[in-house]
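Chemist: Hints in hand, dock the two standalone chains.
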Amino acid sequence: MASDSPEAIRKSIKLYIIIGAGLLVLTALTVAVSYVHFGSHSMNVAVGLLIACIKASLVGAIFMHLNHEKRLIYIFLVLAGVLFVALMGLFIFSLLDIPGQNLFGY
Amino acid sequence: MEIPHNVTARPDTGLYNSKIGIWLFLASEVMLFGGLFSGYIFLRLGADFPWPEHMLDVTKGCINTAILILSSVTVVMAWSSLKLRNFRHFQIYMSITLLCALGFCVVKAFEYKAKFTHLSCELSNGLVLEGHDNDDKGEGNDIVYKPSRAVFPIETGEIHFLEAVLPSNEKDAEAKAVVSLKVPVASIDGNKIGVYRGDDKKIKVALGNSEIEMIAAKLKGGDEFKIEDEVIEFTDWSELAKVIDAQRDVKKRFLRAENDRRKYAGTVNQATLAGVTAVPKKLSDSLETTTALAGALQKFFSEELTLLVDTKGEPVSIKPSALRNQDFGWTDKGATLRDGTIIEGEYLQKESKLMLAVDGVDLRRLSPTPGEYDPKIMKQRIEASGFAEQFPTIHAAWEEQFAKYEKKEAEGDHVTSKELYYAKYHGEHGDHAEGHDAGHGESHAAGESLERDFDSHGLPIYEIDRADVRFLSTFTPRLNTYYATYFLITGLHALHVIGGAIVLAYFLFTGRKMYKENPEHLANRVEVGGLFWHFVDLVWIFLFPVLYLL
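Line order of the protein sequences matches chains A and B. Heads up: the first sequence begins at 190 in my numbering, then just goes up one per residue. Heads up: the second sequence begins at 138 in my numbering, then just goes up one per residue.
Pulled out of the complex, with its shape left as it was, chain B reads as follows (with noise of 0.2 Å):
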């Protein structure tokens, strides 16, 4: 079908419709990235922590800068060709776009690696560093448990951790752990919902004046397991992966339960299912009864149950990644992993040292007030802080370039705080031979230098006790909100690149048909597209200097 007025301009507008189509489009997107804009400067204005400034690679933005500029030249050089009808030079000018549109989604990549390398600690003195996991080394900086137990929770119907627990020869000997599962016997009374054990040492669910067997089906009571009031101590593995196959059959009956319930109840909120008494009058009684079993369930499930596994006293290494908070999620008493995990067991704190190449350090934290820097104040703080005495190559770094600025300050210059107490060492090749010897392998007190090797970079590589660790990320969204809207600004605009590239490219590879039948067509097409693209480019030199230089 032809669509009137893609070529020709409408007589009432006096242009084409894709043109105006485009303008809509992108004056969206200006409320997009104005949103996005405005929540920049609110987080800016309301941040309790010195606002990064020059910290981004600039080079690489004044790349991507240049890139972006260019290729807005040259999509508009490509619409110029196919109006002067120069099919050659629209496909030449359109290639560089494109290249450019690769290029700098390259530099940006690069960009991204650096920061989710780069890590920041901040430790419980104020003071925060800045560089690299020693793994050029082999050491990981895992937190290592000597555990007395691991704790799975069991989700009702999901048996994938069965595959983990138990040990690949199910009749190895040696691998019969002892497992436990923890089911909660209450009493019953009247109507009440309960699980309880039966005379005949079943374990059952009662539902006012009917019974209900549950896992006591699959759980033929007696020899394979005891039970010793509220815990059933399997010896048998098999026995365990009945029990997980019983909860599949319940999670089935209880989805199809709660169906019906819905059906036919309406609503019947969550905090009434567990409440099982509570059953609505409303519901004919055999809905009770299923509202009832399937609260009853839902509570077992989701609360009670769980597999306690006896792991024989192995060290474990935890990666941080795996832990379900990096900042909370460990104790000196046990662990909790993304995927529920609970290891309970001894903290090793000698294993769990974490060893950090430092590259930079920031003092400003130190402060007592939030971007203000008594030059008093702030020396008295560096020196409690043992900043001198424990990270010596660093400090030697920072001593240096705070009295060139001092000076300079002296002289009548304005010196910001981010030149007075920030401080990037770039690592020195060669001699230094007295940071190898400094303490290597021996305990030390606090004060005495945590200094223990370079890295093959020249970076001084220290030992930091995880207990005086405040905060450790790397430089992503979690590391403050100045990283958060640069991702998200960022990740977003790199998203337009490559949407705008896509289309460019469809209009380069697949326009000669076009262009001999209506070369107009596509020029209107290109017009459109490049709307589009010197719109990114625009974005981009608004966050060019927002992000990297302001």
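Chain A on its own, in the form it takes in the complex (with noise of 0.2 Å):
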């Protein structure tokens, strides 16, 4: 593998510091932004999620090497968050206890 060869890894050495300092900047970002108001609140839930995000890739894609990994990696995760995004709707049928205005107006 191309990338495993000494001199890659030597440079990756230094792509590892700079995300790493990365990741701290926008640490800071998020908890700067988490006092600063965007109109409403979920915004700035959603900002602030944004930046969330914006790290996990940065420590998936150069940490975790998922940017250059085998296919058969990609399969798992893909099935890993269909379904984690399956879990973050299951709290929807919750509405289907209120009387009156569930799901399905009954």
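The set of hints was computed from the structure by calculation and includes no laboratory data. All C-beta atoms, glycine included, are put in the ideal place defined by N, C-alpha and C.
Derived list of chain B stretches under chain A, where covered just means 3 residues or more per stretch with a C-beta under 8 Å from a C-beta of chain A: (1) 169-183; (2) 200-210; (3) 217-231; (4) 677-685.
Modeler: Shown next as structure tokens:
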């Protein structure tokens, strides 16, 4: 594998440090923007989660080497991602418990 | 045994096996934390209280975020060092990673500790005070009773309570409190079962036509105790001890009978057992007898047998943590403790006052509609609550903050309900002479200042009547769903940090041999361990804003 050659690894060490510093900067940014009001609280949550997603992508792509991984692992992750989204939506069913204002309107 | 594809890639997947393993595991971990995040969203959307935002220690959270990011960099550097065949660098980087893990746990421990000792006290008028037990003055927040008697429930076969009840010196005449053993006495009718007092004054269990002497075997009626209706009064502790011994025998017999019954009868539910007359017909006569006995004994011991101890009226202090339920476990007539003991008596209100060193106040619960804070209504409610009169120092601190943010709002800035109606007070050292004099030791009418003193941090100490407390809790899961999820998710995350650190420490301390044999194998191990470590970092990247900031 080309990416595992000593030269490539020496190169990527610099990248790791840059990404680490970038993550720290993004952390500071998350804290800073949490004190700024973006019109509504939902917007604040969205901005905060967006930055968290960027950070998570950096960790995933660079530290966890997902920028050059084998196909099989992407398949696992897509499956996990789909199920994760489903989990996030599960609580919608709690609306079924409220008489008169549930999903089906009865 | 040599496991294939530990070092070399499998031709079909292009990956070495443990890498596939760890990614499958991480995918399942995504599900685990995903479920918890989903639960968090659900609880947050349905919360009927102002959801705490920026309530945790952001500085500590920031430090921990930085620590985890640093450790993520060092763990990947440790792997790179192995790839470059530099074992020394690997050791250094891995050690830094482990120190980071330790640092994370230490910061977390401080964070948790602060929560465990901080109190939230909701008064019945909706005012929520935050603060600490005023323990630097040596006054606990005990609930005090002048007891008339204590009731110890006797559970079959359990005698531990006896040690607590029995005076250490049985022969000590002073110690001979009156102990009453309440025994249900039922009349015997035909084939029914019952516990009754025989003509010879012995307590007996009757079962169909046979009669089983139970406690009676040990209680040789007559002089040592008297039987009055349904109550046997002991005056001799040693007799009581014999009763307990008898109980243990009965428990053995009960269990044996119960085992037999289950073995032969399959499932006979508890209701059948309790209603002894309705013994299933399928059972043979002997089994019927056993079942009936078991049922009767079970009922007898689980419900009816209590031990009453005459406590000579000495005041009893009960720590709130000893109560079975801190909110409902006590009334002005008695309290139920965790171990089942019931203290009956008169609640001593004056001795049971709650002394709270207050460092914050949340006025948002005064609002009639949660989440909406109409300035007019809030003003009215705050005035009506007696906040200004009863808690002058805290009120002044809040008023100052409120004025500041009210002005900001008037200038068109966005102001949150927390900024307007939630105030922290950090204490003032030095000049608080007027506070010292305020109503010290005097009784007070409603509306008067409850301020009694200042603690060593300059926080005002208030004397709060327990009758006015609607809910009192430390900042633990029982306070609200926010803290429940906070402790659950961060606790689980911290366990992941510890688990990951143990694995990485194993690689660090035992890796040398493997490195000499096959450095690529160790590199792969570290890569897999590192992947888990990055995942733990990744979870924290989401946890930090979600719990601390948003």
